[in-house]
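Sequences listed follow chains C and X, in order. Each residue of the first sequence is one higher than the one before, counting from 119 in our numbering. Each residue of the second sequence is one higher than the one before, counting from 80 in our numbering.
These are calculated hints, taken from the structure and not from any lab test. Using N, Cα and C, we set each Cβ at its ideal position, and we do this for glycine too. It is possible that some hints are incorrect.
[What the hints assert, rightly or not] Quick list of in silico lysine-lysine cross-link-like pairs, DSSO-like style, CA-CA up to 27 Å:
id, chain 1, residue 1, chain 2, residue 2
1, C, Lys-803, C, Lys-649
2, C, Lys-418, X, Lys-113
3, C, Lys-782, C, Lys-803
4, C, Lys-578, C, Lys-214
5, C, Lys-783, C, Lys-757
6, X, Lys-113, C, Lys-764
7, C, Lys-214, C, Lys-269
8, C, Lys-690, C, Lys-528
9, C, Lys-783, X, Lys-113
[Claimed, not checked] One-sided excerpt, in silico: chain C residues whose CB lies under 8 Å from chain X:
id, residue
10, Arg-201
11, Tyr-276
12, Lys-346
13, Pro-351
14, Tyr-355
[Unchecked claim] Some chain X residues close to chain C (C-beta under 8 Å, calculated; not the full set):
id, residue
15, Lys-113
16, Pro-116
17, Val-118
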Amino acid sequence: MMQIETFKYDNQIVKSFAIATVLWSVVGMLVGLIIAVQLYVPALNLGIPYLTFSRLRPLHTNAVIFAFVGNGIFMGVYYSLQRLLKARMFSDFLSKLHFWSWQLIIVCAAISLPLGITTSKEYAELEWPIDILITLVWVVFAINLFGTIVKRREKHLYVAIWFYIATIVTVAVLHIVNSIELPVSFLKSYSAYAGVQDALVQWWYGHNAVAFFLTTPYLGLMYYFMPKAANRPIYSYRLSIIHFWALIFLYIWAGPHHLLYSALPDWAQSLGTVFSIMLIAPSWGGMINGLLTLRGAWDKLREDVVLKFMVVAITAYGMSTFEGPMMSLKNVNALAHFTDWVIAHVHIGALGWNGFLTFGILYWLIPRLWNTNLFSKKLANFHFWIGFLGIVVYASSMYWSALVQTLMWKQFTPQGLLQYPNFLETVLQIIPMYVIRSVGGLLYLTGVLVMVYNLIKTAKQGTFVADEEAQAPPMIKEPIKYKKGLGHRWIESRPLQFTLLAAVAILIGGIVEMIPTFLVKTNIPTIASVKPYTPLELQGRDLYIREGCLGCHSQMIRPFRTEVERYGEYSKAGEYVYDHPFLWGSKRTGPDLMREGKKYPNSWHYYHMNDPRLMSPGSIMPPFPWLSENVLDISSTEKKISVMRKLGVPYPDGFEAVANEELKKQADTIALDLTNAGIVVDSDKEIIAMIAYLQRLGTDIKAKKQ
Amino acid sequence: MSVIVVLILFSIMVAGGFLVAFIWAVKSGQYDDKYTPSVRMLFDDKEKTILNEKTNKTNS
Numbered sequence: 119m120m121q122i123e124t125f126k127y128d129n130q131i132v133k134s135f136a137i138a139t140v141l142w143s144v145v146g147m148l149v150g151l152i153i154a155v156q157l158y159v160p161a162l163n164l165g166i167p168y169l170t171f172s173r174l175r176p177l178h179t180n181a182v183i184f185a186f187v188g189n190g191i192f193m194g195v196y197y198s199l200q201r202l203l204k205a206r207m208f209s210d211f212l213s214k215l216h217f218w219s220w221q222l223i224i225v226c227a228a229i230s231l232p233l234g235i236t237t238s239k240e241y242a243e244l245e246w247p248i249d250i251l252i253t254l255v256w257v258v259f260a261i262n263l264f265g266t267i268v269k270r271r272e273k274h275l276y277v278a279i280w281f282y283i284a285t286i287v288t289v290a291v292l293h294i295v296n297s298i299e300l301p302v303s304f305l306k307s308y309s310a311y312a313g314v315q316d317a318l319v320q321w322w323y324g325h326n327a328v329a330f331f332l333t334t335p336y337l338g339l340m341y342y343f344m345p346k347a348a349n350r351p352i353y354s355y356r357l358s359i360i361h362f363w364a365l366i367f368l369y370i371w372a373g374p375h376h377l378l379y380s381a382l383p384d385w386a387q388s389l390g391t392v393f394s395i396m397l398i399a400p401s402w403g404g405m406i407n408g409l410l411t412l413r414g415a416w417d418k419l420r421e422d423v424v425l426k427f428m429v430v431a432i433t434a435y436g437m438s439t440f441e442g443p444m445m446s447l448k449n450v451n452a453l454a455h456f457t458d459w460v461i462a463h464v465h466i467g468a469l470g471w472n473g474f475l476t477f478g479i480l481y482w483l484i485p486r487l488w489n490t491n492l493f494s495k496k497l498a499n500f501h502f503w504i505g506f507l508g509i510v511v512y513a514s515s516m517y518w519s520a521l522v523q524t525l526m527w528k529q530f531t532p533q534g535l536l537q538y539p540n541f542l543e544t545v546l547q548i549i550p551m552y553v554i555r556s557v558g559g560l561l562y563l564t565g566v567l568v569m570v571y572n573l574i575k576t577a578k579q580g581t582f583v584a585d586e587e588a589q590a591p592p593m594i595k596e597p598i599k600y601k602k603g604l605g606h607r608w609i610e611s612r613p614l615q616f617t618l619l620a621a622v623a624i625l626i627g628g629i630v631e632m633i634p635t636f637l638v639k640t641n642i643p644t645i646a647s648v649k650p651y652t653p654l655e656l657q658g659r660d661l662y663i664r665e666g667c668l669g670c671h672s673q674m675i676r677p678f679r680t681e682v683e684r685y686g687e688y689s690k691a692g693e694y695v696y697d698h699p700f701l702w703g704s705k706r707t708g709p710d711l712m713r714e715g716k717k718y719p720n721s722w723h724y725y726h727m728n729d730p731r732l733m734s735p736g737s738i739m740p741p742f743p744w745l746s747e748n749v750l751d752i753s754s755t756e757k758k759i760s761v762m763r764k765l766g767v768p769y770p771d772g773f774e775a776v777a778n779e780e781l782k783k784q785a786d787t788i789a790l791d792l793t794n795a796g797i798v799v800d801s802d803k804e805i806i807a808m809i810a811y812l813q814r815l816g817t818d819i820k821a822k823k824q
Numbered sequence: 080m081s082v083i084v085v086l087i088l089f090s091i092m093v094a095g096g097f098l099v100a101f102i103w104a105v106k107s108g109q110y111d112d113k114y115t116p117s118v119r120m121l122f123d124d125k126e127k128t129i130l131n132e133k134t135n136k137t138n139s
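Produce the complete structure using the sequences and hints provided.
Dropping the structure here:
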């Protein structure tokens, strides 16, 4: 009755993304291993600024998230979408453009981050020209995906496709809102938001990067590749519908759980906690649906290495999505935040969920693309077990180190003094755990290298078909049956309306949470003694950003007695009103620096930056000797002041003209002070600006007290 | 902090809206076919004979 159409699937684009996935997984994890070792061998940067821990850490996170997982998403989407919709991708040109420009973005990141070109906002470090490029590539991806949906032959949109759509819409919104910044130059910009507001926007983005880049697209992939690999339908199709809607609606609200006990208004913190707890339900809905797909067929696990990878991945997803809400409880967060617990948590997600699901998909997909069988099941099994062992070693060492350190931070003597007042003591205690962690990482990477060999061998023994022939009847247009209804069926068959609804659902969540903080002035109590940074301090602050200091040092003292005893008065929202961007940090590998100003003499900082172990024997901080050699670039001062004024920082009119004079005056004072301490250094060096900034930190309200 | 009242009202409105839509959808039978799509995706038009001999038989 119906004319069958013959068409061809584009396998070439899937192959390209698969190769990129494998390539970047090795790069991203290798960088991770290097920085893991640097934590106990600081000299491993070989004295090269570009290889310093603080600059490589964002490279590691970006490479794993956007290069490895990103390409993994596109590989899976381009394969499954065509088959689910019974149509070739909308445009081969857009597919190729998408592929090559995404790789270009990755290369730009790999160059700019070690150079210290960064916005400092976690997982959004890339500077504004690259941000624009990302937006454009995302639009290309969206056109290609929606175009394919429009020309599809299968009317029903399978559950995986909803997840892809939610990903595309939400990531676009998140990326644009969080990347609103005012350029100072081609490679430097300031965030449009300041302090608390910037923190809220950043973690609204940061958490949803986890949600909509590492979770929803991968759930989509799970809904396609898990049933395919098991050759069984998903456990419950109804559950998939319910948990999808619940997940995208709830996830967008959870961001503030990254800012518990911070200077963020209390109600926003509570909102984040409540929604994080509720997230257990839809998250576990996904896990249950994935695992129970194997109901009555668990014996397949014995034989099938693909299923082994997938089952561990889904289990890891279940564990992280239970642990995440638990960590969002304020009392648990009080212990876990700023420690290696967070590192353990994200690696259960990254190594377990994203890593193992990707490997499972690769072992399933590569033999199919090359029309052959897997080269070696034995090697794949070896990969599975060594990778699994790697995750266990990695996570347990990090949990151990987190518990030891956080308990040491909080331990008082019976007399009410800190038992371990020296932060370094708590670091030295956990160094063995850092060593064990890197062993876990090495095991995991070894497995990946074995996979690379196995996959290359597989491809070599088969023949790749770039255009795979397929047949399907064309789609029947406009069925009358569902036209009146407003139910799910109606949405499923109308991608445009569906996209709009999904966009509205996520936008409402974001707007409700953010707009009040912007508008209601009571949220940001202004403190009269808090003044804008001097030009020299501003330049120093940008060096702090360039070197990535916030990767290890927080600037946020929580209102606990332990922290107030250790670091000083707890942080107030009003202290950050001129901070574009905010630099609260999220991890304390070193101590908090909120009240660092005037704690030590200028000479201490000079010696410490040149060789941390001179002032703190055993310290694992990398040395920054180049700061004493490089001449500070002051050509940008004027522009920086004027951009800051545009963002609402009250520098007086015409201050630009005298900014560099002021800068030199302050630099001369510091240089003179250093000379008096027996240190000969020119006042035009970068170290002077860095010292100026560090000595300013947290002193504004100290001054008021005196 | 009057804004928190607005927030709660807003959240309840949105959440309630979704709940109503969902209940209505279930009651009006929108989710009747919640099985076929999950099986249909298992069948590809062209099976690789080396790999999926079993699937091929059921497919044709």
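Hint check:
no.: 1; hint: C/Lys-803 to C/Lys-649; result: holds, 25 Å
no.: 2; hint: C/Lys-418 to X/Lys-113; result: holds, 26 Å
no.: 3; hint: C/Lys-782 to C/Lys-803; result: holds, 11 Å
no.: 4; hint: C/Lys-578 to C/Lys-214; result: holds, 24 Å
no.: 5; hint: C/Lys-783 to C/Lys-757; result: holds, 19 Å
no.: 6; hint: X/Lys-113 to C/Lys-764; result: violated, 55 Å
no.: 7; hint: C/Lys-214 to C/Lys-269; result: holds, 19 Å
no.: 8; hint: C/Lys-690 to C/Lys-528; result: holds, 21 Å
no.: 9; hint: C/Lys-783 to X/Lys-113; result: violated, 74 Å
no.: 10; hint: Arg-201; result: holds, 6 Å
no.: 11; hint: Tyr-276; result: holds, 5 Å
no.: 12; hint: Lys-346; result: holds, 7 Å
no.: 13; hint: Pro-351; result: holds, 4 Å
no.: 14; hint: Tyr-355; result: holds, 4 Å
no.: 15; hint: Lys-113; result: holds, 4 Å
no.: 16; hint: Pro-116; result: holds, 5 Å
no.: 17; hint: Val-118; result: holds, 5 Å
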